[in-house]
Structure formats: C-alpha cells, structure tokens
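Engineer: Fit chains Y, X and B to the known structure of chain H by using the hints.
Chains as they are written, first to last, in UniProt numbering: chain H, 1 to 242; chain Y, 1 to 242; chain X, 1 to 242; chain B, 1 to 242.
None of these hints come from the bench; they were simulated from the model. Positions of the beta carbon are idealized from the N, C-alpha and C atoms, including for glycine. A portion of the hints provided could be inaccurate.
[Unchecked claim] Pairs of lysine to aspartate or glutamate residues, derived as EDC-like cross-links and limited to a Cα-Cα distance of at most 16 angstroms, are as follows:
{"id": "1", "chain 1": "B", "residue 1": "232", "chain 2": "H", "residue 2": "175"}
{"id": "2", "chain 1": "X", "residue 1": "236", "chain 2": "B", "residue 2": "238"}
{"id": "3", "chain 1": "H", "residue 1": "232", "chain 2": "X", "residue 2": "227"}
[What the hints assert, rightly or not] To be clear about the criterion: a stretch of chain Y counts as covered by chain X if any three or more of its residues have a C-beta under 8 angstroms from a C-beta of chain X, and this derived list gives those stretches:
{"id": "4", "region": "29-35"}
{"id": "5", "region": "156-167"}
{"id": "6", "region": "228-239"}
Number of protein chains: 4
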Amino acid sequence: MTTTRLDRWERRTEWPLAGSAAVFLAAYAWPILEPSLVHGWRRACEITVYAAWLLFAVDYTARVVLADRRLHFVLHHLPDLAAVALPVLRPLRLLRLIALIRVLNRRATDSLQGRVALYVSSSVVVVIFVAALAELDAERGHIGARIQTFGDAVWWAITTVTTVGYGDRYPVTTDGRLVAVGLMLAGIALIGVVTASIASWLIANVRAAEADTEHALQRQITALHTELLEIKALLKADAADR
Amino acid sequence: MTTTRLDRWERRTEWPLAGSAAVFLAAYAWPILEPSLVHGWRRACEITVYAAWLLFAVDYTARVVLADRRLHFVLHHLPDLAAVALPVLRPLRLLRLIALIRVLNRRATDSLQGRVALYVSSSVVVVIFVAALAELDAERGHIGARIQTFGDAVWWAITTVTTVGYGDRYPVTTDGRLVAVGLMLAGIALIGVVTASIASWLIANVRAAEADTEHALQRQITALHTELLEIKALLKADAADR
Amino acid sequence: MTTTRLDRWERRTEWPLAGSAAVFLAAYAWPILEPSLVHGWRRACEITVYAAWLLFAVDYTARVVLADRRLHFVLHHLPDLAAVALPVLRPLRLLRLIALIRVLNRRATDSLQGRVALYVSSSVVVVIFVAALAELDAERGHIGARIQTFGDAVWWAITTVTTVGYGDRYPVTTDGRLVAVGLMLAGIALIGVVTASIASWLIANVRAAEADTEHALQRQITALHTELLEIKALLKADAADR
Amino acid sequence: MTTTRLDRWERRTEWPLAGSAAVFLAAYAWPILEPSLVHGWRRACEITVYAAWLLFAVDYTARVVLADRRLHFVLHHLPDLAAVALPVLRPLRLLRLIALIRVLNRRATDSLQGRVALYVSSSVVVVIFVAALAELDAERGHIGARIQTFGDAVWWAITTVTTVGYGDRYPVTTDGRLVAVGLMLAGIALIGVVTASIASWLIANVRAAEADTEHALQRQITALHTELLEIKALLKADAADR
Chain H
1 MTTTRLDRWE
11 RRTEWPLAGS
21 AAVFLAAYAW
31 PILEPSLVHG
41 WRRACEITVY
51 AAWLLFAVDY
61 TARVVLADRR
71 LHFVLHHLPD
81 LAAVALPVLR
91 PLRLLRLIAL
101 IRVLNRRATD
111 SLQGRVALYV
121 SSSVVVVIFV
131 AALAELDAER
141 GHIGARIQTF
151 GDAVWWAITT
161 VTTVGYGDRY
171 PVTTDGRLVA
181 VGLMLAGIAL
191 IGVVTASIAS
201 WLIANVRAAE
211 ADTEHALQRQ
221 ITALHTELLE
231 IKALLKADAA
241 DR
Chain Y
1 MTTTRLDRWE
11 RRTEWPLAGS
21 AAVFLAAYAW
31 PILEPSLVHG
41 WRRACEITVY
51 AAWLLFAVDY
61 TARVVLADRR
71 LHFVLHHLPD
81 LAAVALPVLR
91 PLRLLRLIAL
101 IRVLNRRATD
111 SLQGRVALYV
121 SSSVVVVIFV
131 AALAELDAER
141 GHIGARIQTF
151 GDAVWWAITT
161 VTTVGYGDRY
171 PVTTDGRLVA
181 VGLMLAGIAL
191 IGVVTASIAS
201 WLIANVRAAE
211 ADTEHALQRQ
221 ITALHTELLE
231 IKALLKADAA
241 DR
Chain X
1 MTTTRLDRWE
11 RRTEWPLAGS
21 AAVFLAAYAW
31 PILEPSLVHG
41 WRRACEITVY
51 AAWLLFAVDY
61 TARVVLADRR
71 LHFVLHHLPD
81 LAAVALPVLR
91 PLRLLRLIAL
101 IRVLNRRATD
111 SLQGRVALYV
121 SSSVVVVIFV
131 AALAELDAER
141 GHIGARIQTF
151 GDAVWWAITT
161 VTTVGYGDRY
171 PVTTDGRLVA
181 VGLMLAGIAL
191 IGVVTASIAS
201 WLIANVRAAE
211 ADTEHALQRQ
221 ITALHTELLE
231 IKALLKADAA
241 DR
Chain B
1 MTTTRLDRWE
11 RRTEWPLAGS
21 AAVFLAAYAW
31 PILEPSLVHG
41 WRRACEITVY
51 AAWLLFAVDY
61 TARVVLADRR
71 LHFVLHHLPD
81 LAAVALPVLR
91 PLRLLRLIAL
101 IRVLNRRATD
111 SLQGRVALYV
121 SSSVVVVIFV
131 AALAELDAER
141 GHIGARIQTF
151 GDAVWWAITT
161 VTTVGYGDRY
171 PVTTDGRLVA
181 VGLMLAGIAL
191 IGVVTASIAS
201 WLIANVRAAE
211 ADTEHALQRQ
221 ITALHTELLE
231 IKALLKADAA
241 DR
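The shape of chain H in the complex, shown without the other chains (with noise of 0.2 angstroms):
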C-alpha cells in the first residue's frame, strides 16, 4: 500500500478538522441551550459556525481535487457533501468529532474488542448528544412540540436509539421527523453493531478448536517433511556408496 496525496492530506488534517468540528459544537450547541443569550454572544456564535463550515468545504474540496478518480471520491462521501452544501444537514459536521474519537482510541486501549466497544459507545454518545441538540432547535417553541427542554430531547433520543419509542415524546415538525429517522438507523446500526460483536465473539471461541485442527494438521505435514529429507539423505548416500 503506497500513501497518496490524499493520504498525507487527510492525516495532515485529522486535528484540525476535528478541532474546528469541537469549536462549531460549542458554537453550535451554546445558543441552543442557552436560548436567553444576549445577541453580541449568538452573533459570535454565528460567526464561529460559519467560519468552521469554510474550513469543512476547503477540506471537502481539497480532498476532491487530490483523489485520483475524482468522480469515484464524491460518489462514496456523498454525506460528507451533503453536511458542506446543506445547511439542514450541518450537525453531521459533528460527526468528525468520531474521527477525533478514533484517534484518541489509539493511545488508550490495545485489543481489538476493547477498541470496538470504545469506538460504538463513544460514536452513540456523540449521535444522542448531537441529535438531542439539533431536534430542540428544531421543535423548540411549535405548536403541539413536546420537546421543549434538552433533557427531554436526550431522553428522547435515547428513547428512538434503542427503538423503544414510548411515545411520550416525538418530534412534529419536518425538521425534527427528519433528525429523527438519522437516528433510528442509528439505533439499527447499533443493535446490528453490539449483535454482530456478541455473534463473533462467540463463534471464535467456537472455532478455537479449528484452529486446533488446522495446527495439527500442519504438525503432521512437518513430520512428513522431515521423513522425505531423510529418505533423500538415505538415497544420496546409497548413489555414493556405489
């Protein structure tokens, strides 16, 4: 495997990119939590967000003009265009802080299991937190809206994660239908995720004593081995002696 540009560039920018996308949450989620915010404040906030969003599309860009089939590239990030061009969209920018997850994962852990649960129960934190923020600026203050506070719209979307769906919350607008169903995949993904792993935990355990088999398999070709080198050895010196 040989490093590209776009390799280079994409670790180059893992830092930033994440740093920026920690930046535009705080940016992003102050002026929802705090819908008392005197207007210098919410203007920053504003600012910040829009800035952050520059930075992601030159990153988007960037990475286009450096992938070797351009059109490939954009057809296999097609969310990553869609979190730069659409504004409804912009808390899947949010979605980077799970690269800066990934990194940081690096350092702490060393086995693969301890790896993978890491990774999911720190991406589903960050999708509930996310979410739970961008449906309250979506349904806070509509008629009939019953999510009206963030600890609402957190037990909300705990509630749709695991697909239980009490019912004493949801969203009626189009906006918050719309986070909704991102998190109800979520929630699939998720049992799919922590099934797939249980399933494949326990079928290595199961194919244990396969290996066990393929070992002495490979014990018994060695053997063989051996005998033949002696045979040849035995030949070689019966040619000799004659």
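Structural biologist: Frame of chain H; chains Y, X and B shown alone:
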C-alpha cells in the same frame, strides 16, 4: 447450469415489467397524493392500473406455463400469485421495481458489499414509499384515523419499519393494519439484514487469519511435492546407472 | 442411537396429541370468539377442554414414568409441567400444534432453509393466534381495557411480537400482561431467528470459497500419494532387479 | 495461568459478597415495596444498606490494592467504582447477585448452551427486578408519575427491556429516566445475546460438515505417512542387502 425457457423469458421481460411497474406506480400514486384530481385523469389512472395488472397477469401465466415443475413454481411464488389475484395486495406489484434496482445495480457497483448495501437501502426506500401510499389510501377519510397526509404516512412508515413505534400515528382500519403488518415484517427483515451483514463482515475479518493458515498448509504441501519429485529423479537416475 | 421406550411413546402419541390439541383449540377459542354462545355449547366446550387436559396430564405422567432419568426429564421439560399444572397457562398446550406443523413439514419441503422458514412462520402464526385468544379472554370486559374484539387482539399481538409497540392497545390486567410477556419473549426469539438465518446464509456463501481451498488441499495431497506409490513401485522393481 | 493474590481474594469473597448482596437486596427492597413500614424497621433497613455498602467499599479497596496494575484495574472496573462511590447507582451493587447465579450455575448444568441460557435468563430476571425496584423508588409520589405500584414497575421494565415500549407507562423523573437508560442498554444486550446464540448454533451445525473435511485431510496425511515409513524401510533393507 443450463438456461431454461423460463430463464430466457424472465431475462427478456425484466425491463418491460420494471417499466410497467414504474408506470403503475405513477398511476397508483397520483390519485392518492392528489385527492382533488379531476375525474378525467382519475379515470385514466384507473385504466392504466388495470392495464398494468393485465401485463402482470399475462407474465405470471406465462411463467407458470414455462416452468418445468408447475405446482412447485406456484408454491414457491405465492407472493406473485397474491399480487396478481388479490386487488388489496396490488401495491405488492410495485416490488418489481426492486428488480429494476437489481438491474441498475449490476452496472453501478463493483464490490459485493457495496451491492448488498445499495440493494437493501433502495429496497427499503421503495418499500417505505409504497407502504406510505397504500396506508394513506386505506386510512384517509376514516373516522378517528391519524394518518391523513402523505407526510404523516411516510413518518409513520419509518417509525414502523425501524420498530420504534412511537404510537403518535397508527392505522385504525383493517386495510391499513394489513399494510402495517407487511411493513413490520419488512422491518424485522431490515434489522436482520443489517445485523447479519455486520456480523459476516466481522467474522470475515477474523477469518482472514485462518485463510493464512490454509495457504501456509498449501505452501508446505507444495514443498513436499518438490521433495518427492527430486527423490523420484534420484531413484530413476539410480535405476538408469545400474 | 437406540430408541428408548420414551422415544417410541412420543412417536406413537404424536398424532393423537396434535389432534387433541386441535380439538382443544376449537373448544378454547369458540366461547372466546362468540361471547353470546348459548349455555349448552359453552358447557360442552368446558368439558372438551377438561377432557383434553386429562389426555395431556396422562401423556405427561407416562413420559415421566418412561424416562430413564426422571428428575432430569422433569427439569428439562418445565414448560410441559407448567402447561399441565397451571390452569392459567393452558394456552401453552396449544403449542403442541407446532409439533403438528413439524410433522406436516417433514412431508411438504425438501431443503433445510425452506423447512426452517416454513417452521418459523407457521409457529409465529400459531403463537399470534393463541396469544390473541388468551389476551382477549383476559382483557374483555375489564374497566379501561383497550382490547375488546378479536381483531384488536390480533393487531395488538402483531405489534407486540415485532416489538413495534405503538401503545394504541396494551393489556391492563395481570393475566393479560403475562400473555404479553410471553409474546415479547417470542418476539425477541423471532428477531433472533430471522437475523441468525440471514447471517448463517451470508456466512455460508463466504464459506464456499474456503471449502474450495480445502478441496484444493485434498487434491494436492492425493497427487502426493500418487507420487509416493510410483516411488514405492520403482523401489520394489529395483529390489527385484537385483 | 498462575493464580494471583487478587484471584485468591476474589474466590474467597465470592460467597460472602453474594450473601451481603442478598441481604442488601432485602433491606433495599423492603421499604420500597412496603411504603407504610414503621419507622423502626425502616431505620434498620437503612443501617443494613449502609453496612452492606461498607463491605463493598472494603472489598473494592482491597481489590485495587491487590491488583498488579492498579490504574489498569480501576479503568477496567469503572462500574464497580461507580456502584460504590455514587449513592444513586447503589442498585448496581445488586448485580453481584448475578455472580451468585454464576456460582450456583456451575453446579446445576453440564452443557455450555444450557449454562449460557440459564445465565442470561437469570440475569435478565435479576435486572428486571432490580430496575423495577429502583424505578418505583424514583417515581412514586411524583406529580404526573405513571409508575406508582410494583406491578406497574415490573410491567414497565419488561416492556422496556424487550424494546417494545408501549408508552402506557414511562418515567418522568430524572432518576427514573437514568434507570430506564440502563434497562434499554440491557435490552439491546439481551437481543444481541439471543440472536448471537442462535446464529452461532446455526453456524456450528453448518460447520459440522467442514470438520468432516478436515478429518478426511488428517486421515489422508496419516496414510501418506504410512507409505513413507514403508519406503524408508524398503530403502534401509536395500542398503543392508548390499
């Protein structure tokens, strides 16, 4: 594998049938989405739906006639029979659009994983759209019905297929409940496919190590073979010497 | 495997017990579905239910007596004991109809996959029907009960077994909640079986390639064997020459 | 594997800790289930809960001291730390009863499948019982709370852990919602374990055929070895002849 007459028929009718399913979809969806459609257009849509039904009935009959084991074919294609024979199940005919996806798919992607992912996600979109249409058709205008607009119907379909089931919208008519049952089954299948894909991917990764063991075995056996050929050459030279 | 006396008993009583379960089902379902049934028929149904119970009790006792390890048998067949001993769990006796499905199944299909699919789907249909009956029996007439017709009960059973749980219908009595718990467990099992079947099918496809590797190994080893036999023949001819 | 001092400590404290968890459970459950308990008994229960907490705190401290890598131990046993340090999470201490199940389990069953099934089902029962207690404790008496009796709490816990979530009962307090989140996670784990067990069982059945192939390989290689030994004997006899 020899291609039977049935195979040839199915390959040839793939595109025309997918096309007539698309026309059927338009003629089925329009009066539902536009309740105030003038009588003339409404009549035209009814005739188109009827014409499409005729095509499907002809195709089904032809496939039964061409099959080698007719009873076996009928028993293994009960949904096709139901979609043709029962007017209430006519939305099932739209599932042929999924066949269209399969055809397009064959061109668009190259990897097996990409193909499965694209196929599942497009099928889910078609199923949700068709179920929302059928649900709206069944529920609208009924007393106490909570699904009165297409937006509500799509939202209800998504909360159902993901098994979240808030309960803010649910069908109250028998026809609407039948559509819901189909959608719930699709939801269980969706969770199953997502989980199974992740599991098989995880297991395949674990399996890579095993494949290495097997290839090592093959290399060992090839080395044995080389030795044996050398020994045979020695023996033959020996026999020639004498 | 030797057939024990218990095996022979179970094979011989398979059909009579499935038949008496069918009769029991009719006698159990009729008064529930027809609340205005006249006293005479209602009494006849009660007597039939009692007679079927006697048969099941005799069968259970006979199986305990015929078992080699009686305590082990009782501990591994607790649901059978519960269905016989606890009147509230008598709907469990209807699960013997699933055994009937198994018998019919043996004749109807040939492939393992078809058999599993048919078995699971018929079991789900039986479980939903029986649970709807038991639920209607438990809830009807209670204050605040939302399940008052058989149609509602079937709809509720389906939303429960798929874990969708809209919440438009739910049990309010203790007996009704016990039925619901059984149905939820069946739902989790259903999701598990569907997912596991898809996963094992996907994995089996991946496995085909591996089986090829193993067969290649076998062919290589067979080639080695042929070489060795040739060498032995050469050596023997050599020894005979001298 | 050598047994460390930590292992010995954990083996020796297994029974006393499970016992004190049982006592803790009684002293925790009694005032919740009996709201009209007289002051004296209520006080006794509080003291018992405090004493059990002391035992758990001592045990946790001892395990940290005895661990080889203390920081590693603390990071990998965060739930234990939380259960000891945060009063609101004290129901987590009851999970030690699951350890008791493990001990009893070791005696009761012989097959791996039976053990997993028994372990999962008893854990689910303990988790539902403990969650219902904690939920009732958190919700009872609050304005608008819908969980006011133990029966309701158990019913709610079961609808939550199976992810059905009718929405007829749901928590409205922050403490109650925290308990619900724990229960939803347990529900996802439950679905995961059930599905994964079925999948690994199905796959193991498919695998049986493969194991046969491997054993055939072993037999083939053993036959090769026999041939080689014969050839060596021939060669040696040959060399001795001359």
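Engineer: Next pair to validate is residue 232/H with residue 227/X; report whether the Cα-Cα distance is within 16 angstroms.
Structural biologist: 15 angstroms, holds
Engineer: Counting residues of the region 156-167 of chain Y with a beta carbon closer than 8 angstroms to any beta carbon of chain X, are there 3 or more?
Structural biologist: holds (count 6)
Engineer: Taking a Cβ-Cβ distance under 8 angstroms as contact, does the region 29-35 of chain Y have three or more residues in contact with chain X?
Structural biologist: violated (count 0)
Engineer: Given the hint that residue 236/X pairs with residue 238/B, test it: the Cα-Cα distance must not exceed 16 angstroms.
Structural biologist: 10 angstroms, holds
Engineer: Three residues or more, CB to CB closer than 8 angstroms: is that satisfied between the region 228-239 of chain Y and chain X?
Structural biologist: holds (count 8)
Engineer: Is the straight-line distance between the alpha-carbon of residue 232/B and that of residue 175/H 16 angstroms or less?
Structural biologist: Violated, at roughly 82 angstroms.
When each numbered hint is compared with the structure, violations occur for hints 1, 4.
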